[in-house]
Amino acid sequence: MKNVRVFYRKFGPCKYISHLDTNRVMIRAIGKSRLNIWRTEGFNQHAYITFALPLSLGFASECESMDFRVLDDNEDLSAIPDRLNACLPDGIRVLRCAESVHKPADIESAAYTVILEPMNEGDISNKELSEKLKAFLDSPEIIVEKKTKKGMKHIDLKPYILAFDLHEGDKVCFDLKLPAGSTLNINPNLLMNAFADHLGIELYADITRAAIYTKGGEAFV
Amino acid sequence: MIPEKVEKLLLKVQKPGRYVGGELGAVIKDKQEVDVRFAFCFPDIYEIGMSHLGIKILYSLFNEKPYIWCERVFAPWMDMEEQMRAHDIPLYALESGDPLTEFDFIGFTLQYELSYSNILNMLDLGGIPLLSKDRHDLKHIVVAGGPCACNPEPITDFIDIFFLGDGEEVDLEVMELYRTCKKDGKSREEFLRLAAQIKGVYVPSLYDVSYHDDGTVAAVTPRDDAPSVIEKRVMMDMDNCYYPDNFVVPNIEIVHDRAVEEIFRGCIRGCRFCQAGFLYRPVREKSVECISKQCHALCRNTGYDEVSLSSLSSSDYTQVVPMLRELNSWAKPEHVSLSLPSLRVDGFSDDILNEIKTVRKSGLTFAPEAGSQRLRDAINKNVFEDELMHTCRVAFEGGYTTVKLYFMIGLPTETMDDVADIANLGKKVLDTFYSTPNRPKGKAPRVTISASSFVPKPFTPFQWEPQDTMETLREKQQHIKQTIIDNKISMSKLSYNYHDSDTSYLEAVFARGDRRLNKVMLEAHRRGIRFDGWSDCFSLQNWLEVFEACGIDPAFYANRRRSFDEILPWDHLDYGVTKEFLRRECERAYRSEASPNCREQCLGCGSRKYGGGVCYEKR
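For the record, the sequence lines run as chains H and E. Sequential numbering from 1 applies to the first sequence in our numbering. Sequential numbering from 222 applies to the second sequence in our numbering.
Hint data in this document are derived by calculation from the structure and do not stem from the laboratory. Every value quoted in this text rests on a predicted model; they were computed, and no experiment measured them. Treat the hints loosely; a few may be bogus.
[What the hints assert, rightly or not] Derived DEER-like restraints, expressed as beta-carbon distance ranges:
#1 H:Leu95 - E:Leu274: 47 to 53 Å
#2 H:Glu218 - E:Glu618: 54 to 60 Å
#3 E:Ser713 - H:Ser182: 37 to 43 Å
#4 E:Ser713 - H:Glu121: 56 to 62 Å
[What the hints assert, rightly or not] Some chain H residues judged to face chain E by a derived CB distance under 7 Å, without partners named:
#5 Gly12
#6 Pro13
#7 Tyr16
#8 Lys32
#9 Leu35
#10 Pro89
#11 Pro104
#12 Ala105
#13 Glu108
#14 Lys147
#15 Ala211
Using N, Cα and C, we set each Cβ at its ideal position, and we do this for glycine too.
I would like the entire structure built from these sequences, with the hints used as guidance.
What follows is the structure in structure tokens.
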């Protein structure tokens with residue numbers, strides 16, 4: 001038995017598959033692929049798969065991962081992406097498969113690529129939007145309300161903006177690095193909504209998770 | 222590909238996955254390469270529509286033809302509709318993202334009367350003129366099929382063509398005709414006239430209906446050589462009837478999220494309230510080999526690990542146990558579980574239980590329909606109390622603790638004693654639990670009795686019967702409750718719920734309505750009425766105001782006893798069962814007499830004329 005991790009892209013219509021439904025889609029794909037993986041042995045036996053870091057509904061991703069155990073030690077891992085891709089909707093593409101190195105608990109941060117535009121065309125120009133965004137992120141503190149298990153809490157997002165890099169070009173497009181993982185996870189929408197509230201304009205953020213990093217700053221593999 | 226404008230709106234609505242397509246198994250074609258584009262519309266939300274077997278069969282069937290591209294369209298939930306209307310996004314098909322106006326055919330499936338308001342709303346959202354008479358060129362042909370097509374009169378102003386009976390052949394014949402007419406430059410009217418000549422096709426605009434002073438139908442007169450009686454289509458050889466080997470597999474969870482295999486069509490029973498039991502006659506079975514092959518292909522192609530064996534009464538399949546064994550020969554090693562819905566009380570055996578035993582012991586559901594033996598005889602349910610108790614005992618011994626029992630109130634000939642017996646029957650099932658020595662220990666039983674209101678339907682022996690008034694239905698609902706209280710039955714072990722009688726009333730009006738209801742539908746749509754099947758949307762009050770505004774008395778359709786001699790609005794449609802047979806069955810009901818089922822004795826219903834199925838089985 002080998003612990004393996006597949007990495008996949010999630011995009012297009014598949015952005016709108018929730019975490020729970022993604023689990024179902026994957027279980028069916030594994031069933032259809034005839035891949036022999038470890039199943040739970042309880043009353044409700046099922047193929048056992050886990051996901052390192054859930055993805056919010058509506059986000060695309062270049063770096064999703066799913067873990068499972070292949071029963072055959074000699075299973076050809078390099079063939080798994082093609083086998084699964086033949087059984088998945090077009091908006092989920094498995095990129096590679098290897099034995100897992102990190103643990104999900106090692107995850108510390110995630111990088112996102114965000115394309116920002118006004119919900120209603122003409123509300124604000126891209127130039128003004130990017131200037132206001134820079135100014136907003138430069139402010140000494142960014143207080144937002146975050147829903148926690150203990151109710152609403154005010155937090156300052158400023159120290160959590162680990163990196164921000166505005167791309168050149170006509171569109172308002174930027175990279176953003178935020179804490180991620182099971183202990184502290186900052187959803188980029190929290191920041192985008194705060195910005196939209198600050199502007200008083202409804203914004204549309206097209207968000208792609210670009211990479212996941214571990215505590216040492218390495219890519220999660 | 223969904224329209225670009227939609228993308229921005231999706232995160233403002235619940236479950237955006239409903240509106241994006243992109244599923245495994247969805248068929249994408251080049252629209253330049255096809256001659257006929259068909260928008261298969263299900264007048265309810267994605268999760269309901271995608272659970273429906275008919276759409277899966279016809280979607281695959283149509284798309285196997287290189288010249289047809291069939292796509293799916295569902296009713297957007299109200300939050301999405303609001304966004305679409307606000308941003309001028311017309312209703313689009315999930316495969317291409319193209320609006321309904323791009324389609325040659327806009328096809329609806331008529332599963333329940335309460336979805337009619339959604340049909341109008343979907344046409345409106347798609348930018349298609351609502352009224353048939355306002356659509357002119359040879360495009361946008363609005364067609365409809367499904368069980369409610371057996372009395373389509375309330376929606377004849379909106380639909381150009383109805384398909385009666387099984388759609389596997391007739392739908393394709395009509396599309397082939399359309400393709401030819403389009404090539405030959407024929408007009409819409411010419412196409413409709415030619416279509417009316419195809420067996421199973423009803424073009425309502427070719428018929429004039431006149432009425433007596435008392436409001437009943439005087440005559441239905443065909444024009445332009447349209448047939449005076451329209452016969453339903455029947456697929457007789459089920460083994461060679463088209464069945465898909467793949468489904469569109471939804472990315473989001475739907476109501477019935479599993480593979481479905483139809484094991485037979487029709488029902489031998491003839492329960493007198495049940496429309497499906499008469500519409501789909503005669504019973505036609507698939508062979509075990511065919512079922513196993515089709516199920517296996519479906520599971521392999523979809524990746525589903527559960528398959529539901531669908532029919533109107535699964536345990537009436539003649540080879541039920543051999544079938545389950547054959548299926549399990551591959552299903553068990555492949556971790557596929559089988560489910561057998563629609564089990565009859567008398568068809569539940571240890572053998573079946575062993576083969577379908579799944580890990581989740583959720584509960585069992587049976588439908589005795591009536592509380593007393595007298596009334597069960599009158600409705601021809603042919604289920605006996607000792608059979609029910611025996612079945613429950615088997616279930617309890619098998620580890621089940623939850624039993625759901627479905628009943629109807631307002632059945633013809635019903636008395637208050639019959640109604641009280643619903644509660645009494647629930648009590649007896651509880652008693653059976655405690656008298657079963659091998660019952661699950663340490664667990665309390667839970668029996669649920671659920672009462673819905675009877676709706677008289679066309680092509681049943683009760684098609685002439687009045688529906689109980691809502692007042693009477695409410696009294697009966699309360700009477701069950703009172704009986705539970707009076708008999709000091711533990712409410713924690715016996716729970717009772719009843720369905721809203723308001724929706725049943727509207728259903729009764731439209732089920733047996735005539736063409737004068739078209740204007741009611743239109744007015745209801747004008748007032749924004751839709752999603753009547755959803756209790757959070759339905760308002761009888763709104764509907765009553767519409768009836769009032771249109772000068773139509775709904776009680777004329779729902780609560781009036783019709784005479785056996787009356788011309789019924791659907792009398793020009795032929796579903797095989799004769800009016801004489803239905804009348805005989807109705808009169809037997811009045812005498813509380815049950816009838817034998819099709820395998821016991823032929824009652825001469827008329828379906829023998831189709832030349833096959835149960836009518837020609839050796840008895």
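Any of the earlier hints contradicted here, and which numbers?
1, 9, 11, 12, 13, 14 and 15
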